[in-house]
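Chemist: Could you put together the complete structure from these sequences and hints?
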Amino acid sequence: MGVYLNSYSGCCAAGLNIEDIFQTLLSGTSAVKFHDGYIDDISMPLGKIPSDDYFYDLIEQNIRVAIAKTADFDPLATTLMVGSSVGGMCRVEKEYLASGKCVKTLVEELSIGSIGSEMKEKFGFSYAITFSTACTSSSMCIDAAYDMISNGISNSVVVVGADELSRSAVNGFDKLGIASHELTKPFCATREGINISEGIAVLVLSNKKSDGCMQIYGCGTSSDAYNITHPHPEGNGAVEAMEKALIKSSLNPSDIGYINAHGTGTVANDEIECLAISRLFGDDVVISSTKSVTGHTLGACGALEIAICAMSLDAQILPPSINITTPISRNVITKPTKKEFKYALSNAFGFGGGNTSIVIGLPNEN
Amino acid sequence: MKINLEILRVAKIEANDDTEKISDLNEKSIVADMMLRRRLTRNSRISLYLADKLNAFSLPIIIGNSYGEVAETYDILRAIKNRQTVSPTAFQNSVHNTPASYISIVGENKGYIATISDSSDTSLAALRLAAIKSFSYDEILIIITDAINFDQLSEINKCNITKKECGVGLVIRQTTKEPTINITMDKIEGYSPSMSDILSLLNQFASGNSVIEIDF
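Residue numbers (our numbering), protein chains in the order written: chain A, 59 to 424; chain B, 978 to 1193.
Take the hints with a grain of salt, since some may be wrong.
Straight-line alpha carbon distances no greater than 30 Å define the calculated DSS-like cross-link-like pairs of lysine-lysine that follow [said to hold, decoys possible]: (1) B:LYS1164 with A:LYS180; (2) A:LYS180 with B:LYS979; (3) B:LYS1110 with A:LYS302; (4) B:LYS1110 with A:LYS400; (5) B:LYS1058 with A:LYS152; (6) A:LYS302 with B:LYS1087; (7) A:LYS266 with A:LYS127; (8) B:LYS1058 with A:LYS91; (9) A:LYS159 with B:LYS1154; (10) B:LYS979 with A:LYS266; (11) B:LYS1110 with A:LYS266; (12) B:LYS1110 with A:LYS180; (13) B:LYS1164 with B:LYS989; (14) B:LYS979 with A:LYS302; (15) A:LYS267 with A:LYS91; (16) B:LYS1154 with A:LYS106; (17) B:LYS1154 with B:LYS1164; (18) A:LYS302 with A:LYS396; (19) A:LYS267 with B:LYS979; (20) A:LYS180 with A:LYS267; (21) B:LYS1058 with A:LYS233; (22) B:LYS1058 with B:LYS1110; (23) A:LYS159 with B:LYS1110; (24) A:LYS400 with A:LYS302; (25) A:LYS233 with B:LYS1164; (26) A:LYS267 with B:LYS1110; (27) A:LYS266 with A:LYS397.
Calculated from the model, a selection of chain B residues having no Cβ within reach of chain A, i.e. all distances over 10 Å [unchecked claim]: (28) GLU983; (29) GLU991; (30) ASP1001; (31) THR1062; (32) ASP1095; (33) THR1099; (34) PHE1127; (35) ARG1150; (36) THR1161; (37) LEU1179; (38) ASN1180; (39) PHE1182; (40) ALA1183.
Source of the hints: derived by calculation from the structure; they are not laboratory data. For each residue, glycine too, the CB sits at the ideal point set by N, CA and C.
Modeler: Shown next as structure tokens:
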């Protein structure tokens, strides 16, 4: 059974809707700005959503936008899958850091599951399943949603990827030495690390094909079984995830016209991801990291970057990697590039060694 | 759609009460690397113990954790509040899928690992994911843990939840057998809602019932 991406929405530093995000990507300008107040005495380059709305309200708004574009949407017949790495962390931070004690906040509100339980309540979804697997969180949702629909378990799944900027994450990545203090430069020889960002993406997946939809052809997951924070040095886990996604899609590496790389801008990720891609695809595939514009939206990045791939397939334009002076791979594009292509592959790799690859493309005729 | 899951084997460990932690999780035998062992979170130690007990290191792994690594999260918050340096180890260990990752590292398991966190509904959500993945894998390891027993919990939590450490592991597979376990569970006092749910299943398994019907 085919799995179709019928509608999607999103917001991040690069825009308050997916169309604006795509235009910002094509403009080649970073959406990341310097902000005080996240790390003591340091102004950090971070990707903040340009809105004063409460983060959970933005999630709700994005779900409404996505389901409004879907004909005959029935929440009761729809599974909600949420991917998040920090969940309600910011609520706790605000209260605890102000007073040194949380008198209002329940552990349940800190929980990653708070997004799913609140959105399930608001929209009447049949139930929620929340993945928290660091930066692969929302990609893991897409993988499970693909299995649900292709096996006939559910006709419709809404995937939400959402992560808010928290001081805990910004300080944590900084102390691990992988948060850049400059604008991030994925796939550049002088890259210094990640720009932490916030973001939301909502995908409506179903077994029904609609006008303008895209198709999810297959997903692959693997585990490095190597290190909590460092990827396998030969990229074995990344290769395995990409191979599995291709096999599930019944495609060859040469069928893939564009790879939206995980491309975080850390020294380790980018070098090893390039190695993994070249092991499987050789020098023939085109790649870019849209995190060079949006920053790294953590658990939201998998869903957000699938929405970006869908926009790219629709427009037949590939978004570039920016801020590169010396590329570490000939495969990386640094300018928006018109190209006829049918299939894109999106990677997400996370702390703990989890790897997820997803193939999305123009829908098959039959 | 309804999917039936057969419980093949189970393991459980818990503290005597909520004033103390589980005393012996056999870490030295399970994790030979001393540096790795020292870094393990409580949830990770309990999860590794259960994976070892069930001889299930090589299976696809689904971890269910209602609250996550709250002690490590608290360490980070306290450091930020006191303008101290955030511990990189606390940060990497604060990620919810830390236990699944440590199992994959210790067991050299390069397959499917996932972590589910749905507050009170965590156990049921983990069972649902296992049912979804039962089309792809013959057997799946599910582990549900609670490990929030640390002195300062009340500073970041106003509600009166139990601090009792507990962990349950199940190995399941898809089956065509008729369901024998009632998934509308009665709450068991002294445990978190999610842990109570999975313990209810275990009680029914102990009475000779082994098939759960997951209704989508």
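Chemist: Hints first: check each against the structure and report whether it holds.
Modeler: Right, here's what the structure says about each hint:
1. B:LYS1164 with A:LYS180: holds (26 Å)
2. A:LYS180 with B:LYS979: holds (26 Å)
3. B:LYS1110 with A:LYS302: holds (15 Å)
4. B:LYS1110 with A:LYS400: Judged against 30 Å, a Cα distance of about 28 Å means the pair holds.
5. B:LYS1058 with A:LYS152: holds (11 Å)
6. A:LYS302 with B:LYS1087: It holds: about 13 Å lies between the C-alpha atoms, which stays within 30 Å.
7. A:LYS266 with A:LYS127: Within the cut-off at roughly 14 Å; holds.
8. B:LYS1058 with A:LYS91: holds (24 Å)
9. A:LYS159 with B:LYS1154: Violated, because 51 Å separates the two Cα atoms, which is more than 30 Å.
10. B:LYS979 with A:LYS266: holds (21 Å)
11. B:LYS1110 with A:LYS266: Roughly 22 Å between the alpha carbons, so the hint for LYS1110 (chain B) and LYS266 (chain A) holds.
12. B:LYS1110 with A:LYS180: Holds, because 28 Å separates the two Cα atoms, which is no more than 30 Å.
13. B:LYS1164 with B:LYS989: Distance ~17 Å between LYS1164 (chain B) and LYS989 (chain B) Cα, so the pair holds.
14. B:LYS979 with A:LYS302: holds (27 Å)
15. A:LYS267 with A:LYS91: violated (39 Å)
16. B:LYS1154 with A:LYS106: The given pair, whose Cα atoms are some 51 Å apart, is violated under the 30 Å limit.
17. B:LYS1154 with B:LYS1164: Satisfied, since the Cα-Cα distance of roughly 26 Å is no more than 30 Å.
18. A:LYS302 with A:LYS396: holds (28 Å)
19. A:LYS267 with B:LYS979: This hinted pair holds, its Cα atoms lying about 25 Å apart.
20. A:LYS180 with A:LYS267: The hint holds at about 27 Å.
21. B:LYS1058 with A:LYS233: OK: LYS1058 (chain B) and LYS233 (chain A) at ~16 Å, within 30 Å.
22. B:LYS1058 with B:LYS1110: violated (42 Å)
23. A:LYS159 with B:LYS1110: violated (41 Å)
24. A:LYS400 with A:LYS302: With a Cα-Cα distance of about 19 Å, the restraint between LYS400 (chain A) and LYS302 (chain A) holds, given a limit of 30 Å.
25. A:LYS233 with B:LYS1164: violated (42 Å)
26. A:LYS267 with B:LYS1110: Satisfied, since the Cα-Cα distance of roughly 24 Å is no more than 30 Å.
27. A:LYS266 with A:LYS397: holds (27 Å)
28. GLU983: holds (18 Å)
29. GLU991: Its Cβ never comes within 10 Å of chain A, the nearest being 19 Å, so this holds.
30. ASP1001: holds (24 Å)
31. THR1062: THR1062 (chain B) not clear of chain A: closest Cβ-Cβ about 6 Å, inside 10 Å.
32. ASP1095: violated (4 Å)
33. THR1099: Violated: least Cβ distance 7 Å, not greater than 10 Å.
34. PHE1127: The claim stands: PHE1127 (chain B) keeps its Cβ more than 10 Å from every Cβ of chain A (closest is about 12 Å).
35. ARG1150: Non-interface label stands for ARG1150 (chain B): nearest chain A Cβ at 16 Å, farther than 10 Å.
36. THR1161: About 14 Å separates THR1161 (chain B) from the closest Cβ of chain A, which puts it past 10 Å; holds.
37. LEU1179: Label holds. Min Cβ-Cβ 22 Å, cutoff 10 Å.
38. ASN1180: holds (24 Å)
39. PHE1182: Per Cβ check, PHE1182 (chain B) is outside 10 Å of chain A; nearest 23 Å; holds.
40. ALA1183: holds (27 Å)
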